[in-house]
Amino acid sequence: MSVQDHAEVHRYGPSAFGDNLRRFFSLTYTLASTDFKLTYFGSILGYVWSLMRPLLFFGVLYYVFTEIFHVGTGVPFYSVELLLAIILWTFFLQATSGAVQSMLGREGLLRKMRFPRLVVPLAITLTALFQLTTNMIPIFGLAIASGITPKVSWLELIPVIILLAILASGIGMLLSVLYVRARDIAPIWEVTSQLLFYASPIIYPVFYYNHHVLKYYGKNCVFNSLRDVYLNVVTQKPCAVSAVPVGNNLHLHFIGHFLMTNPIAALIAQARHALVGGGEGVNPSAAFALGGWEYAMIPLGIIAVVFVLGVAVFHHEAPRISENL
Amino acid sequence: MSKAFKLHHRQYHTLKERALHPFQARTYDLLQAVDNISVEIAAGEFFGIIGRNGSGKSTLLKCLAGIYDIDTGQLDVRGRLSPFIELGVGFNLDLTARDNVILNAIMLGLTRKQARARFDDIIAFAELEDFVDMRLKNYSSGMSVRLAFSVAIQVDADILLIDEVLAVGDANFQQKCFDEFLRLKKEGRTILFVTHDMGAIQRFCDRAMLLEKGRMVAIGDPTDVSHRYNELNFGRSVQELGDDRSVDDRRAEYRDADILDAWFEDASGKRVTAIAHREQCTIGIEVRFNAALENPVFGATLRNTGGATVFATTTEYDYGPTGQFAAGETTVVRLRFETWFTTSGYAVTPTVVRAGLGSDTIDLRADLAAIVVHGGRFTTGVVDVPHEFEIERR
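Protein chains in written order, with my numbering: chain A, 1 to 325; chain B, 1 to 394.
Don't take every hint at face value.
In silico DSS-like links for lysine-lysine, alpha-carbon gap of 27 Å or less [unchecked claim]: (1) K186/B with K176/B; (2) K137/B with K37/A; (3) K37/A with K113/B; (4) K176/B with K137/B.
No lab work stands behind these hints, which were simulated from the structure alone.
With the sequences and hints as input, model every part of the structure.
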């Protein structure tokens, strides 16, 4: 086969996007809404059950980290921050882990119909997004019950969630298409996501990233509560417990800044900043925790790169998914 | 166009395996499932695709349906296409028929609005009005196939790809499907039909194509192409029988007479493995005598591929005494008949029997030679004897 022959190949095979974008979105929406309906409205308790998982998780973590480890003691609105982070994390995990075996789950459709292949992992993200939307209700409920007055900055949650969805769909595309070729993507992602969970400020506040805390906490200091840690961080004196008022600026050092470049950490920090607020010392914005707006480009860049990479790899693999399955 | 699959000698399914064997050469055989097939199917044609199992029919259809990507060549599809491949596979068993129909119709290219508008027609055609809100897991397999067929036929496709789906329904439903296909054909739709049923090919198709090992062997008139298919199919049995013959260990035993060979001849005396219906055919049997024999009885039995004996005769019936044969003599016995058998493969079992009342068989060689009869009409009978009808009204 000469190069010229190759150029003349006229393909009709399956592709990532198909030939009609309107159909692409309509299909994604249809698959996602059907799945959503199936999971959460199949039984009377569907919605309750769907909420149960993050809420139970929240309950366990809240008890453990306030009553046993005192991570949350002294942090204002720790419960709201924990619930917000858990629900955002649940969305991310549901969208990415669900995508891993999504192609296998749709094998029947992939083997008999021609439709844009990208619809399959994107529908998973969209289903998770639908659920996230319904899960926002208890978050706002808890925030108001805890005494936070609704404010304009709550709207910032929308771009935060959109960015998280872009990240999740990028990873989802990669995972779904790589799983077709390598089945151990499933356990690999399980371990990786666990790592991400603990590396992100979900069960602990952002200022835990301070290297003083990382260095001294549990080693040669005894803290009664996180408030002590916090005060210690602020005063830059290891082990000293003083009466510096809450509200001072937070000083993160290199390791802290580095850990903040994780897009999930940055997005959760930003979400807490928007929902709870309380000044840069308690809930720093992502840009602040990163050390400036220019550094906020790093997590944003990672999100963009992951998404573009996901689309590119998926586009490359799409024509052969049905035969490689 | 062409399409090949890589058959890896060792397929690595995990990254771990790939990491553990980084230097192992990734060898594979290339299975050329569709090999350089070039065909243009006109709008409004009812086009049949036939071939044995593994000849590439379904791969070709899946390429046409846009499920597999092609390696080389060009593939142009003009108009909306509806595949009837593995009907009902895409259904979600936890959803109701209603949701599944809408979902499937959208997958096949309708908009949500169009899908809703067609919904009643789809259910009516499938005759499932009473089960619309039942979950599909409670459907019988027949019901879900009917539903899937209904969806596929109601999406207003210009091109229909049909892959042996009709094997699943009952006779009544099959007839309904064929009627529907013919109606759509009259409307100018194009239909591509993959099947093993030569009868259906001859009844419905305008043109047919025969595939063998991914290549196009024949294309054209459906009757001619289905004859080629039969030759190909039963021709393989002839080869297999030939192999069996060489390992016949009974040859080692001593007998008064040995059947050395048997074959079929056409009217001109040429040895053949295929013959047209109603043509004169001759079975030749070569016998060597190891001892002197008086009036041995020669016989032959013809069995079709189903194993049923369709014809059996011996020299005892009409020929009478065969005479004296000396030790060491070799004789050829010829049996002439007119081929009234229907299209199938046939194998002959020649026999030499000692004269007398008892059936003292000297030599018998089961299915020693085979032939394919073609060109006959497709009837359910084993023979198609010359016949005529007369209708007398009173």
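For each hint, the structure was consulted:
Between K186/B and K176/B, the direct Cα distance comes to roughly 15 Å. Compliance with the 27 Å bound is thereby established for this hinted pair. About 17 Å separates the Cα atoms of K137/B and K37/A, which keeps this hinted pair within 27 Å; it holds. For the hint pairing K37/A with K113/B, the CA-to-CA distance comes to about 19 Å; that is within 27 Å, so the pair holds. Restraint check for K176/B and K137/B: satisfied, since their Cα atoms lie roughly 25 Å apart, inside the 27 Å limit.
When the structure is compared with the earlier hints, no violation turns up for any of them.
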